[in-house]
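K.L.:
First to last, the sequence lines map onto chains W and S. First residue of the first sequence? That's 1 in UniProt numbering, and the numbers climb one at a time after it. First residue of the second sequence? That's 1 in UniProt numbering, and the numbers climb one at a time after it.
Careful, some of the hints might be misleading.
Said to hold, decoys possible - One side of the interface only, derived from the structure: several residues of chain S facing chain W at Cβ under 7 Å:
1) Met-1
2) Val-51
3) Gly-128
Unchecked claim - Ranges of calculated distance between the beta carbons of each label pair, as one might list FRET restraints:
4) Glu-37/W with Thr-74/S: 47 to 57 Å
5) Ala-57/S with Ala-239/W: 55 to 65 Å
6) Leu-378/W with Thr-74/S: 37 to 47 Å
7) Thr-134/S with Asp-280/W: 12 to 22 Å
Derived by calculation from the structure, the hints in this document are not laboratory data. Source: prediction; values computed, not measured. Even for Gly, the Cβ is constructed at its ideal location relative to N, Cα and C.
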Amino acid sequence: MNEALIRSLTPSVLGILVRRGADFAAAEDAVQDALVEAVRIWPTDEPRDPKGWLVTAAWRKFLDATRSDTARRRREDRVDEEPPPGPAAAADDTLQLYFLCAHPSLTPSSAVALTLRAVGGLTTRQIAQAYLVPEATMAQRISRAKRTVSGVRLDRPGDVATVLRVLYLVFNEGYSGDVDLAAEAIRLTRQLAAAIDHPEVAGLLALMLLHHARRASRTAPDGSLVPLAEQDRSRWDTASIAEGIGMLQAALARDRLGEFQAQAAVAALHADAPAAEETDWVQIVEWYDELMRLTDSPVVRLNRAVAVGEADGPRAGLAALATVPDATPRHAAVAAYLHERDGDLTAAARWYAEAAHRAPNLAERDYLTRQAARLNALR
Amino acid sequence: MAKYLLLKHYRGAPAAVNDVPMDQWTQAEISAHIQYMQDFADRLEKTGEFVDSQALAPEGTFVRYDGEGRPPVTDGPFAETKDLIAGWMVIDVDSHERALELAGELSAAPGAGGKPIHEWLELRPFLGSHPTITE
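Generate the whole structure from the sequences, applying the supplied hints.
P.N.:
Shown next, in the form of structure tokens:
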């Protein structure tokens with residue numbers, strides 16, 4: 001039994017402990033301890049009922065931890081009270097945990113950390129390594145987050161949009177480490193989709209699958225970025241694309257459009273094009289128009305300007321770009337690209353250099369610097 | 001979720017409001033200053049925002065390659081170097097506003113007369129990781 005499979009039991013086991021009356025923070029610690037033991041023992045001695053084993057082990061750990069408490073007697077009395085949970089209750093428990101860990105009272109980084117631990121079953125050390133902070137700092141971030149939500153009752157449905165934002169962050173801002181955060185985000189979103197029927201959950205999962213499908217082709221062997229138009233499309237994961245497109249189509253058919261479905265639709269149109277030149281940019285512009293109706297952010301307008309540049313020519317793209325604030329991330333990079341397409345290589349080179357200067361990460365800076373150098377060499 | 005470097009300068013930053021060299025403080029003032037820095041770091045660890053803190057020796061050496069088979073050339077330290085880094089703290093915070101707030105707090109460390117130094121700290125964002133979804 002692999003670690004991911006063990007971890008997939010985390011939310012339902014934690015849900016059972018909380019329903020038996022354990023407080024969330026103590027139950028979460030107990031489940032962590034039980035998971036660590038399972039990872040150690042199961043490879044040689046796999047239990048017939050993994051979930052039952054984890055519930056028993058976690059409950060024992062919880063009792064051990066609270067035995068010294070002043071509330072000891074009261075808690076021990078609960079041991080025999082609890083009936084076994086049914087499958088419906090388990091799905092519901094899982095859902096409530098997602099809501100709790102993404103509670104609006106938490107900062108984004110706390111919600112991410114708590115979700116990865118309490119829902120994902122990752123250890124504090126793994127989460128700390130993934131986000132490049134010391135383990136002690138991550139431990140404090142998680143225990144603070146637990147304290148913040150300690151008064152929240154697990155009995156009312158939360159806002160699914162807050163959960164989706166947290167999962168999006170895990171997927172999109174993943175650092176490198178032992179844990180593949182993108183894959184973990186997909187796993188957690190898939191698990192959420194099984195617990196709640198919501199077109200935006202399906203939309204986000206489709207979006208993740210469609211982007212994840214291109215992962216192998218996004219970087220050259222030396223680690224440098226390969227832009228979408230130059231990617232080797234034969235390396236795209238067709239199974240992942242097919243799954244993402246199928247999921248998106250089912251979601252769109254329900255006619256409750258949201259931000260993630262619209263973003264996934266753009267990703268699907270890219271994934272669908274056998275070659276970059278065959279991309280249906282007109283439809284992509286239409287999806288960006290939808291996105292602007294849903295959320296008129298500068299980032300959406302910037303992306304729309306790129307699409308307009310492809311659909312109607314660089315002049316139209318530059319006109320669309322004129323409505324985007326200069327301070328928008330990647331504004332200069334888009335300006336550079338559109339000026340080059342328009343034949344103004346001098347302006348393009350200057351914009352590429354400016355874009356490199358403003359790049360939010362090293363991979364993009366290196367890419368943009370190369371573009372500036374390429375144009376400067378032509379002069 | 002962004003990392004920032006708080007840079008403390010020996011030289012090169014604009015003059016602090018309470019600009020008295022440390023060797024002219026009382027010993028109690030020095031202790032209070034050190035305690036403040038320690039408490040600040042401890043507090044950041046508790047809020048889950050601390051990454052690293054280091055102090056640097058004031059003098060360093062410039063080093064460069066000098067060709068195949070030759071030892072590297074060293075030079076300096078240069079007394080006239082305008083900018084000199086004293087140390088840093090790395091924080092991991094949710095927003096730029098929070099980074100500014102923390103830098104302000106650190107700049108309020110007590111100096112001569114037990115009064116805040118109002119020292120200029122340089123705040124520099126780290127370059128992050130390349131996000132998957134950009135289009």
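K.L.:
Hint by hint, say whether it matches the structure.
P.N.:
Verification of the supplied hints:
no.: 1; hint: Met-1; in the structure: 5 Å, holds
no.: 2; hint: Val-51; in the structure: 5 Å, holds
no.: 3; hint: Gly-128; in the structure: 5 Å, holds
no.: 4; hint: Glu-37/W with Thr-74/S: 47 to 57 Å; in the structure: 55 Å, holds
no.: 5; hint: Ala-57/S with Ala-239/W: 55 to 65 Å; in the structure: 56 Å, holds
no.: 6; hint: Leu-378/W with Thr-74/S: 37 to 47 Å; in the structure: 41 Å, holds
no.: 7; hint: Thr-134/S with Asp-280/W: 12 to 22 Å; in the structure: 19 Å, holds
In this structure, none of the earlier numbered hints is contradicted; all agree with it.
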